[in-house]
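K.L.:
Spelled out, the chains give:
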Amino acid sequence: MAPLLTRWWRCRKGGADKSRRRKAEVVQRNVGSSVFLNMTAIGVHLGCSSACVAVFKDGRAEVVANDAGDRITPAVVAYRDNEQIVGVAARQGRVWNSANTVVKVKQLLGRRFNHPETQLHRSQTKCPVINREERPFYEITTGEHIKYVAPEDAAKVIFKKMRETAQSALGSNVTEVVVAVPVEFAPAQKKAMRDAAQGAGLNVLRLIHEPAAALLAYNIGQNSSSGRSHVLVYKLGGASLSVTVMQVNGGIYRVLNTHTDPSVGGESFTEALAQHLATEFKRTFKHDVSSNARAMLKLMNGADMAKHSLSLLGSANCFVDSLHNGIDFECTVSRARFESLCSSLFSKSVQPIRGLLESVGLSTSDINQVVLCGGSTRIPRLQTMIRDIFPHVDLLSSAPPDELIAVGAALEAGLLVGHDGLGCEEEPMAVDVSATDILVKEVDESGAEVFTTLLPSGTPLPARRHHILTGQGTLSSVSIDVYQRWVSRPPEKLAKIVLRDLQLKEEKHSISTVLTMKRDGSIHVSCVEQSGGRPEVVAIASKK
Amino acid sequence: NNSDKTNEKCFFVYTSMQVEVEPVGRWFEAYVKRRNRNTSASFQELEEEEESSEESEDEELQLEEDPMLRTLDPKDWKNQDHYAVLGLTNVRYKATQKQIKAAHKAAVLKHHPDKRKAVGEQITEGDNDYFTCITKAIEILSDPVKRRAFDSVDPTFDNTMPSKSEGKDNFFKVFGPVFERNARWSSKKHVPKLGTMESSFEEVDSFYTFWYNFDSWREFSYLDEEEKEKAECRDERRWIEKQNRASRAQRKKEEMNRIRTLVDTAYSCDPRIKKFKEEEKARKESEKKAKAEAKKREQEEKERAVQAELEAARLLKQKEEEEAKQAAQQAKKEKEIQKKAIKKERQKLRATCKNWNYFADNEADSVKMMEEVEKLCDRLELASLQSLNEVLASSSKDESKAAVVKQVDDVNVQLQKEKEAEVQARQAARGADQASGGGGSVGGKGWNEEDLQLLIKAVNLFPAGTNARWEVIANYMNQHSTSGMKRTAKDVINKAKNLQRLDPVQKDEINKKAFEKFKKEHTSLPSEDKAVPSERFDGEPAGSDLNTAPWTSEEQKLLEQALKSYPVNTPERWEKIADAVPGRSKKDCMKRYKELVEMVKAKKAAQEQVAARSKK
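Order-wise, the sequence lines are chains A and B. For the first sequence, the positions run 1 to 544 when the UniProt record's numbering is used. For the second sequence, the positions run 1 to 616 when the UniProt record's numbering is used.
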């Protein structure tokens with residue numbers, strides 16, 4: 001009796017207190033949405049010259065604009081008396097605060113002091129870099145204090161900014177992140193990158209390689225897990241060029257080889273243009289500005305803007321206020337002029353492609369797709385040059401190339417977030433793949449023998465393929481041959497399966513073959529006539 | 001089989017390889033998931049297919065129809081055994097989906113109302129027919145969640161556990177089936193077996209770790225008293241849910257307790273655990289023993305080594321002592337022999353000389369000669385004495401005399417030389433002393449009396465505590481000196497210290513010096529002044545010895561106070577000042593004031609110069 005009474009009472013009460021219930025519902029909905037928002041994750045790409053953040057929300061990855069309205073944030077950190085500024089303001093302030101402005105911090109991350117790259121960076125940057133226990137540190141002088149800033153700390157400031165940007169766009173807290181790193185990053189550098197992100201309060205779900213992120217952004221190989229293709233990722237960033245050949249097999253990416261050249265980048269084009277502008281200025285006003293560091297920085301900023309417009313327009317105007325001795329400088333540069341100025345740089349940037357393809361034993365026709373990323377691949381001349389190398393390949397450049405990697409990272413973050421127990425594989429993971437192509441021999445309509453590849457080499461194992469063979473209905477027995485083929489060698493026969501006692505019929509026989517390959521490389525083949533009949537099974541063991 | 005003969009089974013050298021891939025993308029995640037589950041989806045399917053096809057063939061024959069099937073009440077479906085309804089009593093929870101489907105199909109074919117109608121049976125209308133039970137059974141068993149719920153409360157499952165006393169005697173026989181039975185609740189596959197008496201420690205350890213961390217999928221939603229679906233409104237539903245949750249949690253807790261108790265009991269009964277514990281204990285004991293023994297041995301060894309060392313040291317010492325003793329005795333003996341020889345020789349010499357009457361004619365000469373001979377006896381070595389004696393024995397008186405005289409002369413010369421050397425050494429020592437004193441003597445190193453006086457004055461003028469005192473003094477000296485010598489602060493310090501010390505050697509020397517020199521010194525530098533430095537170096541600046549009674553510091557203070565309180569334009573200023581300072585006249589005060597002014601001026605000048613120089 002008692003429980004029933006309670007229930008009745010509860011029902012009455014619930015009916016009476018409707019407004020409270022509604023309130024409770026509202027609260028519950030909010031809780032639900034916060035649970036959902038916790039499922040959001042971001043992808044961050046921290047480049048040498050700029051950083052970009054994309055959020056994964058509602059199944060899509062979107063780049064987020066920062067508080068200045070830019071989708072790309074310059075990866076520049078300026079230290080002032082008691083504040084740290086990131087972004088455009090920091091880059092503009094570089095003109096008068098160059099000694100306390102950290103640029104290209106990515107080059108120093110996780111490197112030792114006596115590493116040649118560190119020394120190169122030291123010679124180029126205006127911000128003093130000192131040696132402290134074999135590690136480079138920036139020497140920042142704000143007011144009377146001198147403080148020593150580790151590259152990780154500078155990167156941390158940028159990550160913080162990226163996190164704030166994402167949070168302002170989402171309106172909620174963001175902790176889960178996937179960070180993209182270059183392929184050639186050493187473990188120490190990866191660790192430094194991870195530490196920097198963690199220092200900014202982010203939980204790094206995974207570090208992924210930049211070219212892999214670019215492929216993910218174009219959704220290459222994600223729709224189906226079969227098939228094999230080769231993709232070339234051409235990345236021309238602010239301060240480095242990296243070309244990577246990737247193999248997509250069974251939806252899994254693999255880096256075949258990569259080439260990095262830190263001497264070419266968007267900045268070298270800007271520099272070439274700035275030099276040209278300096279000579280123009282000298283010719284017009286008889287003043288040499290090349291020794292005036294501040295004027296050169298101003299000129300670089302102007303040249304940068306002009307370069308960006310030249311990717312869209314035929315000519316661009318460059319205007320610098322009070323460049324030298326209070327003289328304002330104005331100059332118009334045509335795209336043709338720019339291309340002739342940078343022609344040697346352009347050829348230097350596309351030249352590694354052929355060498356790289358040669359090193360992995362592929363020809364230009366083996367490449368199925370070319371992905372362009374990095375802001376400098378917007379330059380029309382560069383695109384035509386690449387297109388000339390790959391005449392029959394589609395160049396993927398529809399997405400903004402400088403946001404591509406962040407988008408890919410965000411997509412990966414979306415895949416990972418909420419799947420806790422997956423185990424975080426740091427390093428590129430080792431996966432069993434088939435070492436050879438697995439083929440079946442068929443006879444086509446004309447009677448010629450044709451090999452059909454069921455499992456291309458490099459297919460992640462275990463794998464299974466269905467294949468349907470057709471034969472004349474008048475045949476009473478059919479034999480199926482399974483072959484394996486090493487690269488550019490004639491196929492070797494592995495097994496022969498004979499189906500006997502087939503029913504004679506009018507229409508063609510269709511024989512379904514299921515080929516399963518286990519992780520150790522052993523193969524099971526089973527064949528059956530689809531309309532009925534006894535299946536035949538063959539197992540081919542592998543010998544390690 | 002026909003096909004087996006025709007199919008060529010080839011075993012090729014064929015390998016898979018490992019490559020590094022990017023941890024990116026959907027298919028990679030799928031791959032990792034599969035791998036972490038340690039099974040490959042595709043291959044598992046393949047295996048399952050094979051298994052099920054085999055089993056279903058066997059199993060179809062074993063379908064056992066429940067004899068009570070026709071009497072079942074569909075309303076009481078919750079208490080029916082769904083496996084029994086479908087005829088799967090012998091497989092139960094092990095039945096695959098395929099088997100269940102097949103069994104259901106068979107049951108439907110047999111028991112469907114339409115079929116039975118065709119046979120001519122009486123059918124109860126609606127849901128009351130026992131066929132509803134079959135429908136309910138397949139409904140439960142085909143849904144994995146519902147099936148799990150039913151499996152959890154499988155009525156045929158034996159929840160009982162052996163007690164301690166049961167397990168004591170026949171551990172493996174009693175507990176083996178119990179653990180095997182309960183292993184079906186594990187969410188993890190590959191439950192470790194209880195094993196045998198011969199199981200290794202690792203095996204037993206992993207067994208108990210597994211069971212203590214047992215992760216059971218058993219849940220008791222099937223026993224829910226009230227059904228959520230029956231609720232009329234949301235609040236009621238929530239209330240039911242709450243009730244159910246509580247009872248489920250309670251049952252789950254009981255279940256966990258059950259497993260825990262089982263494992264505890266097994267653990268306490270396990271003869272292997274006992275064995276391992278004993279072994280461990282024995283091992284520890286033996287280790288401890290071994291350790292103690294080792295320690296003991298080590299200690300003994302050490303002691304022995306120390307003993308041996310001590311023994312060796314003692315022996316060595318003894319030997320050394322003995323040797324030293326022997327050597328000393330030897331030396332003593334030799335010495336004695338030599339002494340005796342010398343004595344003998346001396347006797348001989350004396351006797352010879354006496355024989356010759358000391359080569360003298362008169363008494364005085366002989367006495368002198370006697371002295372000389374005594375000297376000879378004292379000074380000459382054994383060898384020369386011997387040779388002299390031989391000469392004396394073999395030669396005549398004159399020759400002997402000449403030899404003796406020659407010897408005496410030699411000895412005298414030698415004595416003289418020694419004396420001179422001694423004097424020289426003394427002088428050298430003194431010289432060194434003076435050098436270390438930095439020009440200790442008055443005339444040395446350019447310190448004349450005037451300079452000394454000046455120095456004393458300066459030292460008094462700039463008392464201890466003055467800024468850069470010695471520099472100021474040196475400067476003052478350089479300014480006022482008549483000698484024109486340039487002196488550094490170091491020189492001055494040295495000199496002052498020297499004066500302060502006035503070492504006894506110098507005093508001695510002064511005493512010994514000729515009287516006129518002393519007098520000259522005396523006249524130019526009064527003796528009282530000479531005593532001044534050591535007393536007045538650190539004296540007060542106010543100290544002035546011009547008056548009979550020097551200005552004490554109290555008087556000085558009073559004077560200063562007075563000077564301040566009566567400014568320059570006060571009428572009869574000095575009289576008032578003199579009044580303020582008891583025991584001093586107006587003249588005294590004026591004089592004192594002048595002195596002070598002079599002193600201050602000099603001080604300032606000297607300090608300025610030093611400052612200027614340090615600036616340079």
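A couple of the hints might just be wrong.
Said to hold, decoys possible - Below, a sample of chain A positions facing chain B; criterion: calculated Cβ distance under 7 Å:
1. Arg80
2. Pro116
3. Pro128
4. Val183
5. Ile208
6. Ala212
7. Tyr218
8. Gly251
9. Ile252
10. Leu256
11. Glu412
12. Val431
13. Asp432
14. Ala435
Unchecked claim - Ranges between beta-carbon positions, derived for each pair:
15. B/Lys252 <-> A/Gly532: 45 to 53 Å
16. B/Met485 <-> A/Asn131: 51 to 59 Å
17. A/Gly532 <-> B/Glu139: 26 to 34 Å
18. A/Glu83 <-> B/Lys252: 29 to 37 Å
19. A/Glu133 <-> B/Asn467: 42 to 50 Å
20. B/Ala308 <-> A/Glu134: 25 to 33 Å
What the hints assert, rightly or not - Chain A is nowhere near these chain B residues, computed Cβ spacing over 10 Å in every case:
21. Gln18
22. Glu20
23. Gly120
24. Asn170
25. Phe201
26. Arg283
27. Ala312
28. Gln326
29. Lys397
30. Glu595
31. Ala605
Source of the hints: derived by calculation from the structure; they are not laboratory data. Here a beta-carbon is modelled for each residue, glycine too, at the ideal position from N, C-alpha and C.
K.L.:
Can you verify the interface hint for A/Ile252: is its Cβ closer than 7 Å to any Cβ in chain B?
P.N.:
holds (5 Å)
K.L.:
Determine whether the non-interface label on B/Lys397 survives the test: each CB of chain A must be over 10 Å from its CB.
P.N.:
At about 101 Å from chain A, B/Lys397 clears the 10 Å cut-off, so the statement holds.
K.L.:
Test the statement that B/Asn170 is away from the interface with chain A: the closest C-beta pair must be farther apart than 10 Å.
P.N.:
Check passes; 41 Å lies beyond 10 Å.
K.L.:
Compute the least Cβ-Cβ separation between B/Arg283 and chain A, then decide whether it is above 10 Å.
P.N.:
Label holds. Min Cβ-Cβ 38 Å, cutoff 10 Å.
K.L.:
Is the hint on A/Ala212 kept, meaning its closest Cβ partner in chain B is under 7 Å away?
P.N.:
holds (4 Å)
K.L.:
Would the non-interface assignment of B/Gln326 survive a Cβ cutoff of 10 Å against chain A?
P.N.:
Its Cβ never comes within 10 Å of chain A, the nearest being 68 Å, so this holds.
K.L.:
Far enough from chain A: is every CB of that chain over 10 Å from the CB of B/Gln18?
P.N.:
Nearest chain A Cβ is 5 Å from B/Gln18, so the label is violated.
K.L.:
May I ask you to check that B/Glu20 keeps its beta-carbon over 10 Å from the closest beta-carbon of chain A?
P.N.:
For B/Glu20, whose nearest Cβ neighbour in chain A is about 4 Å away, the distance does not exceed 10 Å, so it is violated.
K.L.:
Let's test the interface hint: is any C-beta of chain B closer than 7 Å to that of A/Tyr218?
P.N.:
Hint on A/Tyr218: violated, closest Cβ of chain B at ~12 Å, above 7 Å.
K.L.:
Holds or violated: A/Pro128 as interface residue toward chain B, Cβ cutoff 7 Å?
P.N.:
violated (36 Å)
K.L.:
Hey, is B/Ala312 genuinely clear of chain A, shortest beta carbon separation above 10 Å?
P.N.:
holds (52 Å)
K.L.:
Should the hint that A/Glu133 and B/Asn467 are 42 to 50 Å apart at their CB atoms be regarded as holding?
P.N.:
This hint holds: roughly 46 Å between Cβ atoms.
The structure fails hints 1, 2, 3, 4, 7, 10, 18, 20, 21, 22 (numbered hints given earlier, in ascending order).
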